[in-house]
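Q: Produce the entire structure from the sequences given, and follow the hints as far as they go.
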Amino acid sequence: MDLNLRIAGEAGQGVQTTGSLLVGTFARMGLSVFATQSYLSRIRGGLNWFEIRIADRQLFSGREDADLLLALVPKAIQTLAPHMKKEGVILLDGESSDAPGCIALPLTKTAKDVGGSEVMANAVAAGAAMRVLRYPLDALQAFLADEFKKKGDETIAANRRCAEAGANIFGNDPPHLDAPAPRGKAVTLSSGTQAVVLGAASAGAKAVFGYPMTPGTGVLQGLAALGDEFGIVVEQAEDEIAAVNMACGATYAGVPALVATSGGGFALMVEGLALAGMLELPVVIMIGQRPGPATGLPTRTAQQDLLFALRAGHGEFPRAIYAPGTPEQAYHLTRRALETAHKFQSPALLLTDQFLMDMETDTPPLDRTLRPIDRHILADPPDNYLRYAVTESGVSPRAIPGGKAFVIVDSDEHTEDGHITEDLEVRVRLQDKRLRKESGLRAEALPPERYGPEDAERLLICWGSSYGPCREAVDLLGAEGTSAAMLHFHQLWPLDSAAVRKAVAPNKKRAPKKIFCIEGNATGQFASLLRTVGALSECERVLKYDGLPFTGAEIAERVRHD
Amino acid sequence: MINPPSDNRPAWCPGCGNFGILTVLDRAIEEAGVDRTQLVLVSGIGQAAKLPHYTRANVFNGLHGRALPAATGIKIANHRLEVVVTSGDGDMYGEGGNHFLHALRRNIGIKMFVHNNQVYGLTKGQASPTSDEGFVTKFQTHGVILRALNPLAIAIVEDCSFVARSFVGAQEHLKAMMVAALRHRGGTALLDILQPCITFNRRNTWAWYRERCKPIPDSHDPRDKMKALELAMQWDGGIPIGLFYTCDRPTFESQQPVLARGTLVEQFAKAAV
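Order-wise, the sequence lines are chains C and S. Note that this note's numbering has the first sequence beginning at 282, numbered continuously upward. Note that this note's numbering has the second sequence beginning at 6, numbered continuously upward.
Be a bit skeptical, because a hint or two may be false.
Dumping the calculated EDC-like pairs for lysine to aspartate or glutamate here, alpha-carbon to alpha-carbon at most 20 angstroms [unchecked claim]: (1) LYS685(C) to GLU271(S); (2) LYS790(C) to GLU819(C); (3) LYS685(C) to GLU87(S).
To be clear about the criterion: a stretch of chain C counts as covered by chain S if any three or more of its residues have a C-beta under 8 angstroms from a C-beta of chain S, and this derived list gives those stretches [claimed, not checked]: (4) 516–523; (5) 685–696.
Here are the in silico distance ranges between beta carbons for each label pair [stated by the list, open to error]: (6) ASP664(C) to ALA276(S): 26 to 32 angstroms; (7) GLN176(S) to GLU673(C): 47 to 53 angstroms; (8) GLU730(C) to ALA276(S): 28 to 34 angstroms; (9) HIS595(C) to LEU106(S): 22 to 28 angstroms; (10) LYS685(C) to MET238(S): 56 to 62 angstroms; (11) VAL141(S) to ASP664(C): 31 to 37 angstroms; (12) ALA276(S) to THR763(C): 46 to 52 angstroms; (13) GLU673(C) to TRP240(S): 42 to 48 angstroms; (14) ARG266(S) to ARG731(C): 43 to 49 angstroms; (15) GLN260(S) to LYS685(C): 28 to 34 angstroms; (16) GLY382(C) to GLN260(S): 56 to 62 angstroms; (17) ALA276(S) to ARG723(C): 40 to 46 angstroms; (18) LEU106(S) to PRO456(C): 48 to 54 angstroms; (19) PRO493(C) to GLN260(S): 55 to 61 angstroms.
The hints are simulated quantities; they were obtained by calculation from the structure and are not laboratory data. For each residue, glycine too, the CB sits at the ideal point set by N, CA and C.
A: Here it is, written out as structure tokens:
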């Protein structure tokens, strides 16, 4: 049993506040929550909406049709009424409405009358929604007390009165929707952004650099908020070029550093990425993908920068690319990216997107304890220390400046001691050394995760944030008797093709009859990559690039008919 | 401690002004009492940017134009290190122009020693941001038409905490300016060093600079911003060298509460135990 609720209004109307009140309340009641936001890149004026799906079993994705629409402006109805379930309920803030099936409620007026301020229309709306779902009001009242603790008892009381008034706003004949039963034990929630922030802070990232760009900004601001507690300096650089070069400087000096941006910002960082490759610095960059090219759809989602991230940078150098599918994975993979980058002295990229960063869903509590990664730093370098000593693994013992040995690094080709050289034999030796690190990275590559039976007839390959929707599609297909499984990749590079082939068909006698590659781009980038590395020959590409995330039902539909 | 450079021979033309800057820098480091193990020389790309390879220090020779952000990252990670950027006019004022502007605003404790020869040497003779108007090159075939950038005036306007100019032909003067910059504890320091490029700049020669460079009179008060700005506007009738401007501004480091607990490197190491 699940229910989908949509709150829509103009930017600045409190769509997010109402959404947050309900999300917090539902989580307290022990409902599984999957919340996403769809907003336009305008502070006021565009139509924004907040989607909250709730269920009595764990949710992994959103769904297309809504049961309850809370419209704060009439134009929300025009846009979103076609995406309602037949028996759905539409509530509009206002005195009257001529839209069919729509109930007009004086939410703002009630807030003014009862709470003394229009701002509290959020609490009125939340109270009304609770009544339609036949949920008792106490969870909302308790959440309001927590939420407004800092603002004092008066604010809490006023908001509670508004919630109460909202619940009673229908008079004796409130509309009803069947809603999932609360499971009692509160669930903890996390967004992708919060997870990356806690992953980085707990791993000991000490220096964070960036230039504001959706959807990377949340990570920068989230880490800034934790700066004093965890001992992190977060600097807003003058541009993305500066940000990545600052990270190169900070990692050279010996602290784990993180850069967060989006595809366009990463485009500016490409030369700096190559510098990290050449200097062998553990720079970690989070790329929050959104639809391009160029500015594209700034506040929407995409999985379009995989091949860009893989090939970014002139010259050839090793790197690791991770693509978390859930907030929980985002936490662990942020730590992993920092760890791997330090172990192999190579840049690591974290490929997220707007959908993952903004989604808020049930997540086991993320450990806030500071558990610093191993930087693999030489404590006591010898007198004849060579920063780029040629080794079998390609990894040279790394010292940091300020100790006994000089640490010399150069973006020119260099000798083992780090000095500029044009000796072509040295060039080949050092380039081979750097590239040898890739086999180490490959040996530690994380295998894809399978969900569903080993001998499924239909295999849904996906990566990054498509995890949830694909997983739900597998459940939907399974429920109707279609044999399907998901293979989700959360590390995209390096790939171990033999391991991938095995993961695709663990049971050689019963290999999948049909393989789909499900991606949020227009060209099937991961499918191409799997083909390039010889991991997969044929597959059906299921693509989406309208700026919205997949839903489970949508994937099931497209896979079922193929 | 000594890891000797593999090839210590500078790749500069005989007679290049960079030799003088290198010699004086070595003397200034000694005179200022800088511990070389705690010194990081940061540069971008260009003939000047090769300098860190020819002395003994930690070296970060990064990308063209990006010495300042790299230096900023180093200083943020370990603010006890002495971080000195030594790079050319193209690197610092052209490709890295945006970083130059914002470094002045940030006032982090980085010393900029800009080798300013008013020409691109590494790429063989194109105009630099400080080339005089009318300077003819193989690229600017009718002469430079862009107005020359005035780094000192910009730095004064932005309240850079230490703004000075010297000339490599005035070695004692240059050393005094370098030592003063190295001892400066008030944040970012800019030392613009005029230097002839004997191969690609036949206009601004040793003789040309010698004739024009005039020490700023002792009567100048470097805390007088408008007077400093006036001095910085002088060029054609004689080029003032010396300390133009200094002011007291809180440094970036001193305003980061997190750094009051020690350097980030120390804090990480402590947490990792």
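Q: Of the hints given before, which are not true for this structure?
A: Hint check: 10, 11, 13, 17, 18, 19 fail, others pass.
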